[in-house]
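These protein sequence lines are chains A and B, in that order.
Per our numbering, the first sequence starts with residue 388, numbered consecutively.
Per our numbering, the second sequence starts with residue 7, numbered consecutively.
These are calculated hints, taken from the structure and not from any lab test.
Some hints could be false.
Said to hold, decoys possible - Non-contacting residues of chain B with respect to chain A, defined by C-beta distances greater than 10 Å in every case (computed):
id : residue
1  : Asp130
2  : Val149
3  : Val153
4  : Leu169
5  : Leu182
6  : Ile186
As the list claims (entries may be wrong) - Now the stretches of chain A that chain B is said to cover, found in silico as 3 or more residues with beta-carbon under 8 Å:
id : region
7  : 454 to 463
8  : 526 to 535
9  : 613 to 621
Said to hold, decoys possible - Examples of chain B residues toward chain A, derived with CB under 8 Å:
id : residue
10 : Arg114
11 : Gly120
12 : Glu122
13 : Ser124
14 : Trp159
15 : His163
16 : His164
17 : Thr180
18 : Gly185
19 : Asp187
Since the structure is predicted, the reported quantities are computational estimates derived from the model, not experimental observations.
Glycine residues also receive a C-beta, built at the ideal position from the N, C-alpha and C atoms.
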Amino acid sequence: MSGTPLLQVVELSKSFGGVQAVNRVSFDLHKGELLGIIGPNGSGKTTTVNLITGFVKATSGKVFYQGRDITSWSPHKIVRLGISRTFQMVKPFYQLPAFKNVIIPLYSPRVKGLVGGKYGDRSAVALDLLEEVGFERDAQVAYKVASVLPQGYLKRLELAKAIALQPDLIILDELFSGLSLAEVASIVPIIEKLLLEGKTIIMIEHRLKEVFRIAHRVIVLNYGRLIADGPAEEVMENEEVKKAYLGSED
Amino acid sequence: MFVGTVVYALINSVILLLMAIGFNLTFGISGVSNFAYGAFYILSAFVTWMLMNWIGVPYFLSAVLSIIFTAFIGAVMYRFILIRVRGQVLSEVIATFGIGLIILEFFRYLGFVGIEYSLPVFIDHSFVIAGTYVDMQRILIVVFCIVLILLLWLFIHHTSIGLAFRGIAQDERTALTFGIDSDWIAMLSVSMGAALAAIAATVVVPLGTISVGEGYDVLINALAVCIIGGLGSTGGVIVASLVVGFAQRFTDTYIGPHWTMIVSLVAILLVLIVKPSGLYGKQKELEERI
Numbered sequence: 388m389s390g391t392p393l394l395q396v397v398e399l400s401k402s403f404g405g406v407q408a409v410n411r412v413s414f415d416l417h418k419g420e421l422l423g424i425i426g427p428n429g430s431g432k433t434t435t436v437n438l439i440t441g442f443v444k445a446t447s448g449k450v451f452y453q454g455r456d457i458t459s460w461s462p463h464k465i466v467r468l469g470i471s472r473t474f475q476m477v478k479p480f481y482q483l484p485a486f487k488n489v490i491i492p493l494y495s496p497r498v499k500g501l502v503g504g505k506y507g508d509r510s511a512v513a514l515d516l517l518e519e520v521g522f523e524r525d526a527q528v529a530y531k532v533a534s535v536l537p538q539g540y541l542k543r544l545e546l547a548k549a550i551a552l553q554p555d556l557i558i559l560d561e562l563f564s565g566l567s568l569a570e571v572a573s574i575v576p577i578i579e580k581l582l583l584e585g586k587t588i589i590m591i592e593h594r595l596k597e598v599f600r601i602a603h604r605v606i607v608l609n610y611g612r613l614i615a616d617g618p619a620e621e622v623m624e625n626e627e628v629k630k631a632y633l634g635s636e637d
Numbered sequence: 007m008f009v010g011t012v013v014y015a016l017i018n019s020v021i022l023l024l025m026a027i028g029f030n031l032t033f034g035i036s037g038v039s040n041f042a043y044g045a046f047y048i049l050s051a052f053v054t055w056m057l058m059n060w061i062g063v064p065y066f067l068s069a070v071l072s073i074i075f076t077a078f079i080g081a082v083m084y085r086f087i088l089i090r091v092r093g094q095v096l097s098e099v100i101a102t103f104g105i106g107l108i109i110l111e112f113f114r115y116l117g118f119v120g121i122e123y124s125l126p127v128f129i130d131h132s133f134v135i136a137g138t139y140v141d142m143q144r145i146l147i148v149v150f151c152i153v154l155i156l157l158l159w160l161f162i163h164h165t166s167i168g169l170a171f172r173g174i175a176q177d178e179r180t181a182l183t184f185g186i187d188s189d190w191i192a193m194l195s196v197s198m199g200a201a202l203a204a205i206a207a208t209v210v211v212p213l214g215t216i217s218v219g220e221g222y223d224v225l226i227n228a229l230a231v232c233i234i235g236g237l238g239s240t241g242g243v244i245v246a247s248l249v250v251g252f253a254q255r256f257t258d259t260y261i262g263p264h265w266t267m268i269v270s271l272v273a274i275l276l277v278l279i280v281k282p283s284g285l286y287g288k289q290k291e292l293e294e295r296i
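Between the sequences and the hints, there should be enough to build the whole structure, so can you do that?
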């Protein structure tokens, strides 16, 4: 891809005490691209995303979004620029019904800035969004409080909340974890639709098969270092990646 | 005597509710335990007194200005001190209690002690309710408290800031992902809590005098009500106000006035032993934590 990247990560590092969680990681992401971030447990995937979204402050390095230096910005400011994210451990507002969880981002400064505060019937918009991510309208699941929803619905709710913010870049942190094969299969088309709508997506995943199917590019992290960057089939042929996943024979 | 005690117990409960609602709002939204709360109550009363007696500002305007001033001090306290220790409960308590001590003891040092430091009642009149004389100020306190609770409910449930308040209260991380500035909202919650302490002072102080010691009593009463009700629970605070209010008034009437504060403290201890999270608390019970 050519042109100015939507997101540029330059020599990004983070250490927690003596542990180097992310070590001089650099990569670009262009508009409309789906980037998969994979790596063994503890390789620094989530920390990298936390650094990009401002939930963790970088020790060194830079993050540029649309050419603007957003390193160490607060999360709420980064969201307003158009980067939304989901969390591996979902945390909806448990006391609220699912559709109200989606109404709240519709009142966010980001959405207000885009639509000028006139959104019409936000309940209807929230219900449409939930239907889009797989909440069956007839089953009235959208009206149930989040605390009673099973994991599959909570993950879909997490996705709906991220989409409701009308972001340009969506970061999905292990969206598929804890889901059955059938549930994953039903979410993949939703992600593909988001790509068709022009969204840019970063997916952190352990479910490699599904990521490889839809990602344009994959980067691999190991012990905080970026060890491979390229198309899925190319990356998986990389000796260092094989070693990271399968272990060394030494 | 019994009916009179019940009437005054109800009024006492409303006064306790007024005293506690600001502390509860701040804790419920931002998790900050504002131990300078009682000092804000007294600060506001003294500011009103000073504006009236030193500058000659009319009573109503003095009260409004002192509420705004106290809210501002609350915001400053958050912006420059609490923001650095937020989330570290012990540090929050020490910092706010220290600020409260400075405010209260500074007034004592300046000589603000004596019966001349008092605020006038709004309307000097009284009624007979169920055979008991009740002055107009106490009736106004009840009406005022009901209106205030209603306005607060409307604010929390029907404004975008109220929505942000609820978001932060439920989960700060999720609220951040929606673009809500949690530090701004926490500062607002501390500031609003301080303003509510000032509002309580405006209507309650005319019943007596402005005394430094009252600042400590207000803090203990607010803590008693919030801990018994369950920190952060509005319904819990209302129920606890009634429990403590009735317990204090009946103790005062049938045992002795010097026992009333002890009743509040014993009530806190009993509730902490029987139900550590308070009557309507959402914090985990001890057995759930093990």
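Hints, one by one, checked against the model:
no. : hint       : result
1   : Asp130     : holds, 46 Å
2   : Val149     : holds, 31 Å
3   : Val153     : holds, 27 Å
4   : Leu169     : violated, 6 Å
5   : Leu182     : violated, 4 Å
6   : Ile186     : violated, 6 Å
7   : 454 to 463 : holds (count 3)
8   : 526 to 535 : violated (count 0)
9   : 613 to 621 : violated (count 0)
10  : Arg114     : violated, 41 Å
11  : Gly120     : violated, 49 Å
12  : Glu122     : violated, 49 Å
13  : Ser124     : violated, 44 Å
14  : Trp159     : violated, 16 Å
15  : His163     : violated, 12 Å
16  : His164     : violated, 12 Å
17  : Thr180     : holds, 5 Å
18  : Gly185     : holds, 4 Å
19  : Asp187     : holds, 5 Å
Taken one by one, the earlier hints fail for this structure at numbers 4, 5, 6, 8, 9, 10, 11, 12, 13, 14, 15 and 16, listed in ascending order.
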